[in-house]
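Taken in sequence, the protein lines are chains W and E.
Numbering follows our numbering, in which position 326 of the first sequence is assigned residue number 326; successive positions increment by one, without gaps.
Numbering follows our numbering, in which position 183 of the second sequence is assigned residue number 1183; successive positions increment by one, without gaps.
Source of the hints: derived by calculation from the structure; they are not laboratory data.
Where hints are given, some of them may not hold.
[Said to hold, decoys possible] For each label pair, taking beta carbons as the anchor points, the in silico distance ranges come out as: (1) E/Q1156 - W/G74: 40 to 50 Å; (2) E/F1149 - W/G377: 45 to 55 Å; (3) E/C1158 - W/D70: 43 to 53 Å; (4) E/Y1063 - W/D70: 48 to 58 Å; (5) E/I1238 - W/V75: 53 to 63 Å; (6) W/N100 - E/Y1130: 21 to 31 Å; (7) E/E1052 - W/D273: 17 to 27 Å; (8) W/D203 - E/F1160: 46 to 56 Å; (9) E/L1165 - W/N201: 24 to 34 Å.
[What the hints assert, rightly or not] Some chain E residues flagged as far from chain W (calculated, every beta-carbon gap over 12 Å): (10) T1064; (11) I1254; (12) A1322.
[Claimed, not checked] Some chain E residues flagged as far from chain W (calculated, every beta-carbon gap over 12 Å): (13) F1014; (14) E1052; (15) F1056; (16) M1061; (17) F1127; (18) F1143; (19) L1212; (20) G1214; (21) A1258; (22) V1266; (23) I1291; (24) R1321; (25) A1329.
If you're wondering where the values come from, they're calculated on a predicted model, not measured in any experiment.
Glycine included, each C-beta is placed from N, C-alpha and C at the ideal position.
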Amino acid sequence: MRWKRILAVMMAAGMTFSLAACGDSGKGGTEGGSEDTELLSYSEIELGKDYTDLEVTISLFNHRTDLESDDYGGVTWKEYLEEFNKMYPGITVDLTTDTNYADDALTHLQSGDYETVMMIPAVDKSDLSQYFMSFGSLSDMEQEINYANSWEYDGQVYGVPSTATAQGIVYNKKVFEEAGITELPKTPDEFIDALKAIKDNTDAIPLYTNYAAGWTMGAWDAYIGGNATGDAAYMNQKLLHTKDPFKDYGDGTHAYAVYKILYDATAEGLIEDDYTTTDWEGCKGMINNGEIGCMVLGSWAYPQMEAAGDHAEDVGYMPFPISVDGKQYAAAGADYSFGINVNASDDEKAAALVFVKWMTEESGFSYNEDGLPIVAGSDETKLSFDGVEFIQDEPSVSGEEDLLNTLNADSELNINNVGDSKIQAIIEHAFNGDMTFDDIMAEWNEAWSAAQENNGVETTE
Amino acid sequence: MAGTVNNRIEKQPFQLSKWLHSRKGQRVLICIAFTIIPLLLLLVFTYIPFAEMVKFSFYDMRYTGDREFVGWQNYLDVFKRDDCFGALKLSLYYCAGAIFQLVLALFLATILSFKVKGGNLFKGFMFFPYLISGIAIGFIFKFFYTRGFVFDTILQWCGFQLDNLPYWLRDQRINNWSLAATSVWRYFGQNMVLFIGAIMSVDAQLYEAADLDGANKFQQFIHIILPSIRTIVTLNIILSITGSLSAFEQPYVITSGANGTGTYFVIMNEIAHVSQKVGLASAMAIVLLLIIFACTILQKLFFKYVFRDAESEDESYRAKRARLKAEKAQAKAQKGVA
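Okay, chain W solo, but in the shape it has when bound (with noise of 0.2 Å):
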């Protein structure tokens, strides 16, 4: 009888510590490590000399689904670890890929359980430090990659870009030739022409906006920085202190000069008949076709068209049709970047580092995939924007590295940050024709003001 009971209360005590302990499992096991290993930075280690006797196992999160098919177009995840091990035989990639990364990766690191090498998402940049270790200086890493500033944070580097990516519009080549559009847009206006000459002349969509996705609106904040300014420090400095950013400048630049094009294409009729229910996954397939004439996406977008059917040279990339005093601009950041784990051991940092260096610099990974080029120095790309001037986004200023973030929270316009029903509102409002452009615009510098006024920010004109 009275084991009996005791058992029962150590039954009933294990099952309350069990529960208790899911919250610490996953801190441990990942310190340690031998001690003969000396961890080099980023630019000392020299690919192919050093390392190349380790024997460590790292595991990889990516947000690149597609490159683990072996139906891919391009060169798939197997291929390029395949290749990193004639290098490095010892050191084992442990691969997970994600469709919904950019959530799942913030669960992984909130969890303080996480690869040894992820892709950053979208953490605060004074967290940095917490969760990913240093690649180096950013004087040091300037000499190695491009971007170098783009996970930067207290003079240290955190990550290194997987590719670099520009802003333009992907666009079907024989789709613009048909219609007779002999030289590419430059100007929002000779844009809307040029729809009107696709909807006139072929039996395209000229613009597909892709509005059910969501996500592929708030991709229309991308351009309102760079490529409508040509501003380096627009988008992260000014755009901050700036007295109704949304207002019309006149000359067919800045903010009001995008999303004008996208409001005019739809009142217009230039846009797909039932946006309500685009599909993301078909419009690859219908580009590439020719059923589509463009879609505003960065040039990450670019190869997966061309993948997505027979007609890959039909596929074009073009700069954005926004001219700052007869000159185009092309904003371009990094893409993903690669992190490493603050809390791995000093073989498995090492064993990273070696990764990321050799994915930067061996793999053809940025090229391959139609990026700009990472490698300081290097101009290996398949982009060619004749004419056109790379703008890199400056960092934020000290101090200030949260306060678009704030904004954007204040205001709900959340620029560059999902704010993707502010832009589907732009289509509605233009198709039901229930409010002009001018009003909108009035009604977000109306918010925009107020969130720089609660927040205590100086403005100028």
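Please arrange chain E on chain W, whose structure you already have, making use of the hints.
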């Protein structure tokens, strides 16, 4: 009186170990042992998070960073902003859908609970949608409503011209009806099965007796079936109405809340996760909770009135009053004695 005196005499100093071994003590001990784990789980995973949310609703905060106490400001905002309360109007579409769904379910349940050829097959087919996950249903209907796809094709077979058909999701006048219809499609089978279960428990002799008295099927339904299953009807209505106030899956998956289909939950989700106004979203959640409370209580009162079985209820009410009166009188009398 004598009993109390006796007790006083036998009362001994309280001994914990002895009490624990007594029958009474054992009973208490076992009660505690059995309830402590479920109660602990309930507390940790339901009430403590809820209390935290109530606390959040008084702060201006994001997920990270500092928080600032703002008192009732978030609640005022909920009532001031047009998108928060405007979204509740959309619930009316889902409420209308819910009522239609219940009537349809009740109708089919009544038919299917009598002898019907292939009755079980029909039950199976109509219950099936409930087994599909809400997300999958969202994707199914996204293609179902796409211009020129499934729904339009079926209507064209029936002789409609594509040019005369509306855009089911683009047209803001009907897109909420389209979404509410998916909700009806999904849930009416489940309601129907619940109704059938309840109808099965009605004594078959009652039908026989009613037949002998010359009642037709409709009269049987009104006077026998409906009163017998009123508990389950009330329950289903309460669940459907609260469900329609918190409609989320359909608008979130099919239209992502765009184009005027953002229900209260979708807006709340956007405010909490995109704009990261955690305090405001918490306040919205609590306001919705209070609205659901209010609706449930109103419905309870309403059904108490509607389903009042005139004679018996009145009598019991009278009886209750009489009993209370008697108790009062007794208490008075005892006081007088003391």
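Hints violated by the structure (numbers, ascending): 4, 7, 8, 10, 11, 16, 18, 21, 22
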